[in-house]
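S.K.: Letter by letter, the chains look like this.
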Amino acid sequence: MTPALLGIDLLKPFEFEFFRNGVFVATLAGALCGIVGCYVVLRNMSYIGHGLSHAIFGGYAVAGLLGINLFLGAGAWGVLTALTIGAIVRRRPIGSDAAIGVVTTAAFAFGLALIQIYGSPGRNADALLFGNVLGVTWADVWLIVAVSIGALVFIFIGYRQLLFTTFDTEVARATGVKTGLVDGLLMVLLSATVLATMNVMGVTLIAANLVVPAVVARMLTDSFARMLMYAGVIGAVSGFVGMNASYHLDVASGPTIVLTAAAFFILAFIAGGSFRRRASGVGHAH
Amino acid sequence: MIDVAGLCVDYGAGDVLTDVDLMVADGDLLGIVGPSGSGKSTLLKALLGSVEARSGTVTRRPGLTVGLVPQVEQIDWSFPVTVAECVGMARARGWRTPWITRSERTEIDSVLERLGLRGLAGRHIRDLSGGQQQRVFLARALFTNAEVIFLDEPTSGLDVRTRHEVLHLLDELNRQGLTIVLTTHDLNGIAAHLPRIVCLNTRVIGVGSPEDVLVPEVLEQTYGSPMHILEHGGMRVVVDSPLHLVEGEGA
Numbered sequence: 000m001t002p003a004l005l006g007i008d009l010l011k012p013f014e015f016e017f018f019r020n021g022v023f024v025a026t027l028a029g030a031l032c033g034i035v036g037c038y039v040v041l042r043n044m045s046y047i048g049h050g051l052s053h054a055i056f057g058g059y060a061v062a063g064l065l066g067i068n069l070f071l072g073a074g075a076w077g078v079l080t081a082l083t084i085g086a087i088v089r090r091r092p093i094g095s096d097a098a099i100g101v102v103t104t105a106a107f108a109f110g111l112a113l114i115q116i117y118g119s120p121g122r123n124a125d126a127l128l129f130g131n132v133l134g135v136t137w138a139d140v141w142l143i144v145a146v147s148i149g150a151l152v153f154i155f156i157g158y159r160q161l162l163f164t165t166f167d168t169e170v171a172r173a174t175g176v177k178t179g180l181v182d183g184l185l186m187v188l189l190s191a192t193v194l195a196t197m198n199v200m201g202v203t204l205i206a207a208n209l210v211v212p213a214v215v216a217r218m219l220t221d222s223f224a225r226m227l228m229y230a231g232v233i234g235a236v237s238g239f240v241g242m243n244a245s246y247h248l249d250v251a252s253g254p255t256i257v258l259t260a261a262a263f264f265i266l267a268f269i270a271g272g273s274f275r276r277r278a279s280g281v282g283h284a285h
Numbered sequence: 000m001i002d003v004a005g006l007c008v009d010y011g012a013g014d015v016l017t018d019v020d021l022m023v024a025d026g027d028l029l030g031i032v033g034p035s036g037s038g039k040s041t042l043l044k045a046l047l048g049s050v051e052a053r054s055g056t057v058t059r060r061p062g063l064t065v066g067l068v069p070q071v072e073q074i075d076w077s078f079p080v081t082v083a084e085c086v087g088m089a090r091a092r093g094w095r096t097p098w099i100t101r102s103e104r105t106e107i108d109s110v111l112e113r114l115g116l117r118g119l120a121g122r123h124i125r126d127l128s129g130g131q132q133q134r135v136f137l138a139r140a141l142f143t144n145a146e147v148i149f150l151d152e153p154t155s156g157l158d159v160r161t162r163h164e165v166l167h168l169l170d171e172l173n174r175q176g177l178t179i180v181l182t183t184h185d186l187n188g189i190a191a192h193l194p195r196i197v198c199l200n201t202r203v204i205g206v207g208s209p210e211d212v213l214v215p216e217v218l219e220q221t222y223g224s225p226m227h228i229l230e231h232g233g234m235r236v237v238v239d240s241p242l243h244l245v246e247g248e249g250a
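So the sequence lines, in the order shown, correspond to chains P and Z.
First residue of the first sequence: 0, per numbering that gives the first Met the number 0; consecutive thereafter.
First residue of the second sequence: 0, per numbering that gives the first Met the number 0; consecutive thereafter.
Honestly, the hints are just simulated from the structure, not real lab data.
All C-beta atoms in this analysis are idealised placements derived from N, C-alpha and C, irrespective of residue type, glycine included.
Do not take every clue at face value.
Said to hold, decoys possible - Residues from chain Z that keep clear of chain P, each with C-beta distances beyond 12 Å, as calculated:
1. C7
2. G36
3. G48
4. T58
5. A83
6. G121
7. I124
8. A140
9. E171
10. R174
11. R195
12. N200
13. D211
Said to hold, decoys possible - Straight-line distance between alpha carbons at most 20 Å, and here's what the computed SDA-like set of lysine to any residue pairs gives:
14. P/K177 x Z/A120
15. P/K177 x Z/A191
16. P/K177 x Z/H163
17. P/K177 x P/F155
18. P/K177 x P/R42
19. P/K177 x Z/V50
20. P/K177 x Z/E51
21. P/K177 x Z/D18
22. P/K177 x P/V152
23. P/K177 x Z/H184
24. P/K177 x P/S45
25. P/K11 x P/V250
26. P/K11 x P/H247
27. P/K11 x P/K177
28. P/K11 x P/F23
29. P/K11 x P/A244
30. P/K177 x Z/P69
31. P/K177 x Z/R202
32. P/K177 x Z/P194
33. P/K177 x Z/L166
34. P/K177 x Z/N144
35. P/K177 x P/F153
36. P/K177 x Z/L28
37. P/K177 x Z/T143
38. P/K177 x Z/S49
39. P/K177 x Z/R92
40. P/K177 x Z/G48
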């Protein structure tokens, strides 16, 4: 007999390989986005996740049109977009938000126009926009595993440089940290994360996966190390629960994952203050 | 330790620093004073090597290790970082474990104790008093084993008592052999108590002890406004003369 809740057979979907793959990818993607999202949120770059996901969608279309590997094409497009934003901000007196808005929406619009003219480059455009558990392939599984391993290695090796650069770029640079290199590598990691997760989450909702678990974790702790850990766990749980909800409610996986994470946000908003005080074991001094 | 010669810096809209010559020697406790926009922070950055010179040179002793304490206004106080994490991040160059090692923990505890921050390692930086916050960033700079520490307006926004605490701490660290360079707006509370001062207004107006440079002629050139020196209880007190300005404008 399998576990049931309100007459729903909770283990039923696990009989299907596509679902097992989908749950695995969504859980791992949630953890990955949660951890990477901490750096995004703390750098006040929440909008770049949203923008990059749109830009990478455009990259899919361009890669399909050029007949090159979709992942590589879209990934390169994403990195190029991120670097272009950085270059514009350094050379012109406009804010990063404005540069992100211009470059990423243009890249997205370009992709939409190409798909309208030439058709989808191999994947259903709706699935890319909103996420689809049925669209998860073994390639997606291996891609997310590879990106997750790469992210963990990068964060393990560069933990202190990343933390110092994120918290206090100018002082980090002054004391010898190669902040430009750290920023560039983080952009590459962010692009790879978005690329690897967009098939499950969908372009329109990836930003939430990057931002919400990190914001929830921030409300639960005042320690950076714990924030990374909490965000990874919250993202993973959101992915797992959201994927199951997606199957049982027959709703696209992206929205159910985001709504699960949003439920965590509401809980943290209500109980976060007391949780944080208990976790740190101190009260506010002033 | 650091030798500045003929340094000119501009940010594309006129000179921020013009023909600056300055030498920072081992064991210095040097204050840079001047009005807003006089180039104090730029000179500090130039000494750190993080500003591109239009001409002139900044020669630092090879292998010199530096620490920087930023202005408190530049700190993101909502950033999730405890005192121990804040200090520990300073050792970021080269291969480091993500976690603070046992020996580093001992060193951090030692630095915190030295600066009167014992028992606060697990606190969030926001949950400290103004003086404690300033000392955390000083501890971070010390944890890099810096030979020279730069402080940008270290007493900005602090009350009188805390300002004295910070000043005494800097004096104590300097007596222990640390070279310190700071910028300050506070002529009476900070600059007058330092052994050496640089008066800056794009160019160096005067360098020397407070007795040498806190004089009306140098201060007027530095601040572009008449200033007077009063002797009070054996202390030199710099006062500006707004009444004189008003009278001057009316004349």
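S.K.: Decide, hint by hint, whether the structure agrees.
M.R.: Against the structure, the hints:
For Z/C7, the shortest C-beta to C-beta distance to chain P comes to about 21 Å, beyond the 12 Å cut-off, and the non-interface label holds. No Cβ of chain P comes within 12 Å of the Cβ of Z/G36; the nearest lies about 19 Å off, and the non-interface call holds. The beta carbon of Z/G48 is not kept farther than 12 Å from every beta carbon of chain P, the shortest such distance being approximately 8 Å. Taking the minimum C-beta to C-beta distance to chain P, about 17 Å, the non-interface status of Z/T58 holds against the 12 Å cut.
Separation of Z/A83 from chain P is inadequate, the least Cβ-Cβ distance of about 9 Å not exceeding the 12 Å criterion. Residue-level check failed: Z/G121 sits 7 Å from the nearest beta carbon of chain P, not beyond 12 Å. For Z/I124, the non-interface assignment is contradicted: its Cβ lies about 9 Å from the closest Cβ of chain P, within the 12 Å cut-off. The Cβ of Z/A140 sits about 8 Å from the closest Cβ of chain P, inside the 12 Å cut-off, so the non-interface label is violated.
Here Z/E171 stays apart from chain P, with its beta-carbon at least about 23 Å from theirs, past the 12 Å limit. With a cut of 12 Å on Cβ distances, Z/R174 stays outside the contact zone with chain P, its closest approach being about 24 Å. Distance check for Z/R195 against chain P: the nearest CB is about 22 Å away, which clears 12 Å, and the non-interface claim stands. Distance check for Z/N200 against chain P: the nearest CB is about 24 Å away, which clears 12 Å, and the non-interface claim stands.
Residue-level check passed: Z/D211 sits 30 Å from the nearest beta carbon of chain P, beyond 12 Å. A distance of roughly 27 Å separates the Cα atoms of P/K177 and Z/A120; the hinted pair therefore is violated under the 20 Å criterion. With a CA separation close to 37 Å, the supplied pair P/K177 and Z/A191 exceeds the 20 Å bound. Distance check on the hinted pair: P/K177 and Z/H163 sit about 36 Å apart at the alpha-carbon level, beyond 20 Å; violated.
Among the hinted pairs, P/K177 with P/F155 is consistent with the structure: their alpha-carbon atoms are about 17 Å apart, no more than 20 Å. The straight-line distance between the Cα atoms of P/K177 and P/R42 is roughly 17 Å, inside the 20 Å bound, and the hint therefore holds. Taking the CA atoms of P/K177 and Z/V50, the gap is near 15 Å; set against the 20 Å cutoff, the hint holds. The hinted pair formed by P/K177 and Z/E51 meets the criterion: a straight-line CA distance of about 16 Å does not exceed 20 Å.
Pair hint P/K177 plus Z/D18 does not hold up; C-alpha atoms about 29 Å apart against a cutoff of 20 Å. The straight-line distance between the Cα atoms of P/K177 and P/V152 is roughly 18 Å, inside the 20 Å bound, and the hint therefore holds. Straight-line distance between C-alpha atoms of P/K177 and Z/H184 comes to about 31 Å, which puts the hinted pair past the 20 Å bound. Straight-line distance between C-alpha atoms of P/K177 and P/S45 comes to about 23 Å, which puts the hinted pair past the 20 Å bound.
With a CA separation close to 17 Å, the supplied pair P/K11 and P/V250 stays within the 20 Å bound. Distance hint between P/K11 and P/H247 is fulfilled; the C-alpha atoms sit about 10 Å from each other, no more than 20 Å. As the CA atoms of P/K11 and P/K177 are separated by approximately 51 Å, the hinted pair breaks the 20 Å bound. Taking the CA atoms of P/K11 and P/F23, the gap is near 16 Å; set against the 20 Å cutoff, the hint holds.
As the CA atoms of P/K11 and P/A244 are separated by approximately 12 Å, the hinted pair is consistent with the 20 Å bound. About 18 Å separates the Cα atoms of P/K177 and Z/P69, which keeps this hinted pair within 20 Å; it holds. Proximity of P/K177 to Z/R202 is assessed by CA-CA distance (about 31 Å); at most 20 Å being required, the pair is judged violated. With a C-alpha separation of about 35 Å, the suggested pair P/K177 and Z/P194 falls outside the 20 Å cut-off, and the hint is violated.
With a C-alpha separation of about 32 Å, the suggested pairing of P/K177 with Z/L166 is violated against the 20 Å cut-off. The straight-line distance between the Cα atoms of P/K177 and Z/N144 is roughly 19 Å, inside the 20 Å bound, and the hint therefore holds. The hinted pair formed by P/K177 and P/F153 meets the criterion: a straight-line CA distance of about 15 Å does not exceed 20 Å. Restraint check: the Cα-Cα separation between P/K177 and Z/L28 comes to about 29 Å, which exceeds 20 Å; the hinted pair is violated.
Proposed proximity of P/K177 and Z/T143 is supported: the alpha carbons are some 16 Å apart, at most 20 Å. For the hint linking P/K177 to Z/S49, the alpha-carbon distance of about 12 Å falls within 20 Å, and the restraint holds. Between P/K177 and Z/R92, the direct Cα distance comes to roughly 9 Å. Compliance with the 20 Å bound is thereby established for this hinted pair. Annotation: proposed proximity of P/K177 to Z/G48 holds, straight-line Cα distance about 14 Å (limit 20 Å).
In the structure shown, a violation is registered for the earlier hints numbered 3, 5, 6, 7, 8, 14, 15, 16, 21, 23, 24, 27, 31, 32, 33, 36, in ascending order.
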